[in-house]
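Residue numbers (the UniProt record's numbering), protein chains in the order written: chain A, 1 to 284; chain H, 1 to 227.
Think of the hints as simulated: they come from the structure by calculation, not from any bench. Check each hint, because a few of them may be wrong.
What the hints assert, rightly or not - Quick list of in silico lysine-lysine cross-link-like pairs, DSBU-like style, CA-CA up to 30 Å: (1) A:Lys275 x H:Lys107; (2) A:Lys275 x A:Lys104; (3) H:Lys19 x A:Lys275; (4) A:Lys106 x A:Lys275; (5) A:Lys52 x A:Lys104; (6) A:Lys106 x H:Lys19.
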Amino acid sequence: MPVKSKPVEPPRDKARFMSPYIELTNLEVCLAAVLIVINGVVSIALRLRLEKTLAIASVRTVVQLSLVGVVLSWVFRVDRWYVVLAIAAVMTLIAGFSAADRSKRKFPGIRLIAITSVWSCAWILTGYVLLFVFQDLPKWYEPQYAIPLLGMVLGNTLNGISVGLSTLTETLVRSRGQVETLIALGATRWEAAGEPIREAVRTGMIPIVNSMMVVGVVSLPGMMTGQVISGMDPAQAVRYQIVIMFLIAGATALGTVSVVLLSVRRLFDANHRFKFELIRIAGS
Amino acid sequence: MTADVLLQAVNLTRRVDGKTLLDDITLDLATGARLGLVGPTGSGKSLLLRSLALLEPVDSGDLLWQQAPVANDQATIYRSQVIYVHQRAAAFEGTVETVLRQPFQLKAHRDRHFDRDWIVDQLATVARDATFLDQPHEQLSGGEAQIVALLRAIQLSPRVLLLDEPTSALDRQSARHIESIVMRWYDDAPDSRAYIWVSHDPSQADRVCDSLITMHAGQIQTRRTAP
Numbered sequence: 001m002p003v004k005s006k007p008v009e010p011p012r013d014k015a016r017f018m019s020p021y022i023e024l025t026n027l028e029v030c031l032a033a034v035l036i037v038i039n040g041v042v043s044i045a046l047r048l049r050l051e052k053t054l055a056i057a058s059v060r061t062v063v064q065l066s067l068v069g070v071v072l073s074w075v076f077r078v079d080r081w082y083v084v085l086a087i088a089a090v091m092t093l094i095a096g097f098s099a100a101d102r103s104k105r106k107f108p109g110i111r112l113i114a115i116t117s118v119w120s121c122a123w124i125l126t127g128y129v130l131l132f133v134f135q136d137l138p139k140w141y142e143p144q145y146a147i148p149l150l151g152m153v154l155g156n157t158l159n160g161i162s163v164g165l166s167t168l169t170e171t172l173v174r175s176r177g178q179v180e181t182l183i184a185l186g187a188t189r190w191e192a193a194g195e196p197i198r199e200a201v202r203t204g205m206i207p208i209v210n211s212m213m214v215v216g217v218v219s220l221p222g223m224m225t226g227q228v229i230s231g232m233d234p235a236q237a238v239r240y241q242i243v244i245m246f247l248i249a250g251a252t253a254l255g256t257v258s259v260v261l262l263s264v265r266r267l268f269d270a271n272h273r274f275k276f277e278l279i280r281i282a283g284s
Numbered sequence: 001m002t003a004d005v006l007l008q009a010v011n012l013t014r015r016v017d018g019k020t021l022l023d024d025i026t027l028d029l030a031t032g033a034r035l036g037l038v039g040p041t042g043s044g045k046s047l048l049l050r051s052l053a054l055l056e057p058v059d060s061g062d063l064l065w066q067q068a069p070v071a072n073d074q075a076t077i078y079r080s081q082v083i084y085v086h087q088r089a090a091a092f093e094g095t096v097e098t099v100l101r102q103p104f105q106l107k108a109h110r111d112r113h114f115d116r117d118w119i120v121d122q123l124a125t126v127a128r129d130a131t132f133l134d135q136p137h138e139q140l141s142g143g144e145a146q147i148v149a150l151l152r153a154i155q156l157s158p159r160v161l162l163l164d165e166p167t168s169a170l171d172r173q174s175a176r177h178i179e180s181i182v183m184r185w186y187d188d189a190p191d192s193r194a195y196i197w198v199s200h201d202p203s204q205a206d207r208v209c210d211s212l213i214t215m216h217a218g219q220i221q222t223r224r225t226a227p
């Protein structure tokens with residue numbers, strides 16, 4: 001698919017009058033901050049005691065996004081493959097850790113399994129899109145494409161993976177009796193855990209399938225909105241969005257299957273014994 | 001007729017958090033053996049039985065099946081011959097017949113086929129007819145669920161049954177039904193089969209077992225022949 005010659009170089013190099021979008025000043029962002037005051041007022045009026053958390057969350061939003069802005073500007077400027085890969089690796093690690101940490105029940109090795117799954121599915125599928133789908137990319141590691149794509153894939157597969165992981169451990173603990181009954185009758189670990197595996201993969205994939213069902217009807221995806229605001233032809237923005245949706249769906253499926261299968265391998269031994277004792281509730 | 005040793009536990013030991021739950025357990029189960037395992041709660045009876053079914057790990061010691069250790073890739077075949085029956089049967093979705101058919105979907109039993117007539121014959125001996133097969137499994141009473149669990153195991157013609165207090169949660173009549181099902185399975189081939197029955201009821205142990213092992217604090221305390 002040809003990438004149209006809209007601003008390929010970052011818009012920061014352009015004078016304001018050439019820009020296809022309105023540049024925001026700090027003052028304008030401050031005006032938007034008034035909106036968050038609504039949350040504060042609600043919290044105080046209803047005595048939700050969320051003011052402090054809200055304040056911290058707002059400050060974190062500003063600080064984290066500003067830092068990302070600085071880092072991205074730097075990465076775009078330096079424009080080296082190893083810098084892009086390093087940033088991508090850090091993003092992937094953080095996603096993997098969050099996926100494992102969201103699960104209520106933990107077991108030894110859960111982080112390694114989550115990181116392996118996030119890493120393999122996100123990099124393989126993002127790589128496929130960068131190398132084979134966006135055929136006119138000047139460089140395979142083009143940071144303007146690689147980093148936002150990977151970020152979106154990570155953010156979404158992270159959900160699928162953590163939901164799949166939680167569902168698997170939850171279902172295994174709940175159906176321990178059934179699982180062990182099947183093992184006692186001679187089932188392999190894959191046969192005994194078949195129902196929990198299917199349940200976990202299904203639950204992990206449902207959110208992305210649901211959002212594909214309603215995309216554009218109920219919600220306009222953030223990326224597409226951004227591209228339209230920055231002046232891209234909506235027909236082009238739509239094509240990008242379709243690519244992204246398929247990329248996210250594929251990565252979520254691959255990541256969820258991978259995390260579930262690796263976890264089952266970890267939670268059963270070579271004798272097909274269910275190592276129930278490995279599963280602990282977080283914090284206990 | 002000479003009895004062959006089917007199952008041997010040699011110096012099985014299991015420790016958890018510094019406590020010795022199984023302490024150097026050695027026992028043989030030969031063909032024809034009807035072994036009872038008794039002892040107070042927490043003495044390690046159930047843990048021993050689960051260890052024999054490879055459902056629990058051991059810290060040291062060996063488990064031999066027909067004189068040889070069970071290799072990892074033989075574990076499912078071993079369990080299809082040495083079937084452990086839980087104290088309480090887990091409820092499954094579907095009818096009784098679906099549940100009875102479950103094992104035939106497993107690789108370990110792919111050469112076998114569900115024999116509905118045999119099941120109906122068995123049910124007749126415990127005062128149930130064929131309509132029992134259409135009942136939802138989740139709605140069975142404890143005794144009925146245990147009958148299903150036992151038939152599900154026995155239809156596979158196992159060499160050894162490991163029965164973990166199979167009647168402790170049941171009324172007297174259900175308990176007798178369970179005993180009669182096990183006896184019929186045993187009597188079909190008493191020179192090639194054997195079972196271990198964990199029981200908390202001394203009169204039951206005397207009734208269904210030829211020899212008794214009493215456990216205490218993870219150790220075998222006494223071995224005796226039942227009267």
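Hint-by-hint comparison with the structure:
With a CA separation close to 21 Å, the supplied pair Lys275 (chain A) and Lys107 (chain H) stays within the 30 Å bound. Note on Lys275 (chain A) and Lys104 (chain A): the hinted pairing holds, with a Cα-Cα distance of about 18 Å set against a maximum of 30 Å. A distance of roughly 19 Å separates the Cα atoms of Lys19 (chain H) and Lys275 (chain A); the hinted pair therefore holds under the 30 Å criterion. For the suggested pair Lys106 (chain A) and Lys275 (chain A), the alpha carbons sit about 13 Å apart, so the restraint of at most 30 Å is met.
Our distance criterion of 30 Å between C-alpha atoms is met by Lys52 (chain A) and Lys104 (chain A), whose separation comes to about 25 Å. In summary, the hint linking Lys106 (chain A) to Lys19 (chain H) is supported, as the alpha carbons are separated by about 25 Å, within the 30 Å threshold.
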